[in-house]
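Novice: Here's the letter readout for the chains.
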Amino acid sequence: MMIAIYILIGISLLFAFAGVVGMLRMPDSYSRMQSSTNIATLGVLGVIIGGILYSACILKDANMAIKLGVMGVFYIVTAPISGHAIAKAAYAHGIKPCENTVCDQLKEDLEDEA
Amino acid sequence: MKKAKFPAFLVTCLICFVFWLLITGEISGLFDGIDSGDIEILVAGAAVSILAALFSARFFIHEKAFYLLNPRRFFCLLLYCLIIFPWELIKANVDMACRAFAPKKNLKPGIVKIPSALTSEYGLSMLANSITLTPGTITMDIVEENGKNWYYIHWINAAEQDAEKAGAAIKGTMEKWIRRIWE
Numbered sequence: 048m049m050i051a052i053y054i055l056i057g058i059s060l061l062f063a064f065a066g067v068v069g070m071l072r073m074p075d076s077y078s079r080m081q082s083s084t085n086i087a088t089l090g091v092l093g094v095i096i097g098g099i100l101y102s103a104c105i106l107k108d109a110n111m112a113i114k115l116g117v118m119g120v121f122y123i124v125t126a127p128i129s130g131h132a133i134a135k136a137a138y139a140h141g142i143k144p145c146e147n148t149v150c151d152q153l154k155e156d157l158e159d160e161a
Numbered sequence: 101m102k103k104a105k106f107p108a109f110l111v112t113c114l115i116c117f118v119f120w121l122l123i124t125g126e127i128s129g130l131f132d133g134i135d136s137g138d139i140e141i142l143v144a145g146a147a148v149s150i151l152a153a154l155f156s157a158r159f160f161i162h163e164k165a166f167y168l169l170n171p172r173r174f175f176c177l178l179l180y181c182l183i184i185f186p187w188e189l190i191k192a193n194v195d196m197a198c199r200a201f202a203p204k205k206n207l208k209p210g211i212v213k214i215p216s217a218l219t220s221e222y223g224l225s226m227l228a229n230s231i232t233l234t235p236g237t238i239t240m241d242i243v244e245e246n247g248k249n250w251y252y253i254h255w256i257n258a259a260e261q262d263a264e265k266a267g268a269a270i271k272g273t274m275e276k277w278i279r280r281i282w283e
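Residue numbers (this note's numbering), protein chains in the order written: chain A, 48 to 161; chain B, 101 to 283.
The shape of chain A in the complex, shown without the other chains (with noise of 0.2 Å):
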């Protein structure tokens, strides 16, 4: 069980990795968010998995695992609303997307509408 378990954590810190490297290379910061999502999702859920296992098999502590359960439930269900916000914020502040950008679409509909 154990071994589960170490697997699981190591699985998400090596994509907890790439999102870090991924965040240091990007061009600009819209794909600097999308490699950010690679921790929050599968980074953070592999570590709550895994201490979900742990807290359950190995220290028999049922109320702890259910904790995790919620915290990961709430995770999930709140992280995508502040990465929404903070695209379309840092759109509407006018950061501008690379150069090798390949289309705009969101750009054209608000020129056509002005």
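It should be emphasised that the hints constitute simulated quantities derived from the structure, not laboratory data. Ideal Cβ placement from N, Cα and C applies to all residues, glycine included. You can take every hint at face value.
A short, non-exhaustive set of chain A residues, derived as facing chain B with CB atoms under 8 Å:
no. : residue
1   : Ala65
2   : Gly69
3   : Asn85
Given chain A, work out where chain B should sit, using these hints.
Specialist: Showing chain B alone in chain A's frame:
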């Protein structure tokens, strides 16, 4: 601001109370038998959930309150949350991790506009959140034009710029399942 109806209040109150039970750890206390300490916690939880529901029911539930009690919809919701969505999440995570580690940056970012066939508020926001949670796509805005809802999506690999094809590539199987849950 529209006033909350009683079923909406009841459902909000129940959900608050269930989360109170889960977070205080009272749910396992209930199985070992109830003593006076348990009763105190339960009464406090009931009072707090009634108070919270009084204020928040009208934001929390806009449509039919007992909508998800239909067993087929509930089963679809469970299946979506436990199998369909995690699978999409893992696929996108692996793809994004490969892009982060790739020696040559093969990025074609773009903001595309995709249509959605969903009409219910919950379905729309659930699909938007699912898209944002998938690495590689972020929902930037939702607009309604001519009775149809459109998402603006920042896509890290904008292979398609045509609305329908890009929509099919981004939404994958998710939209079909969300439509089964909410419509």
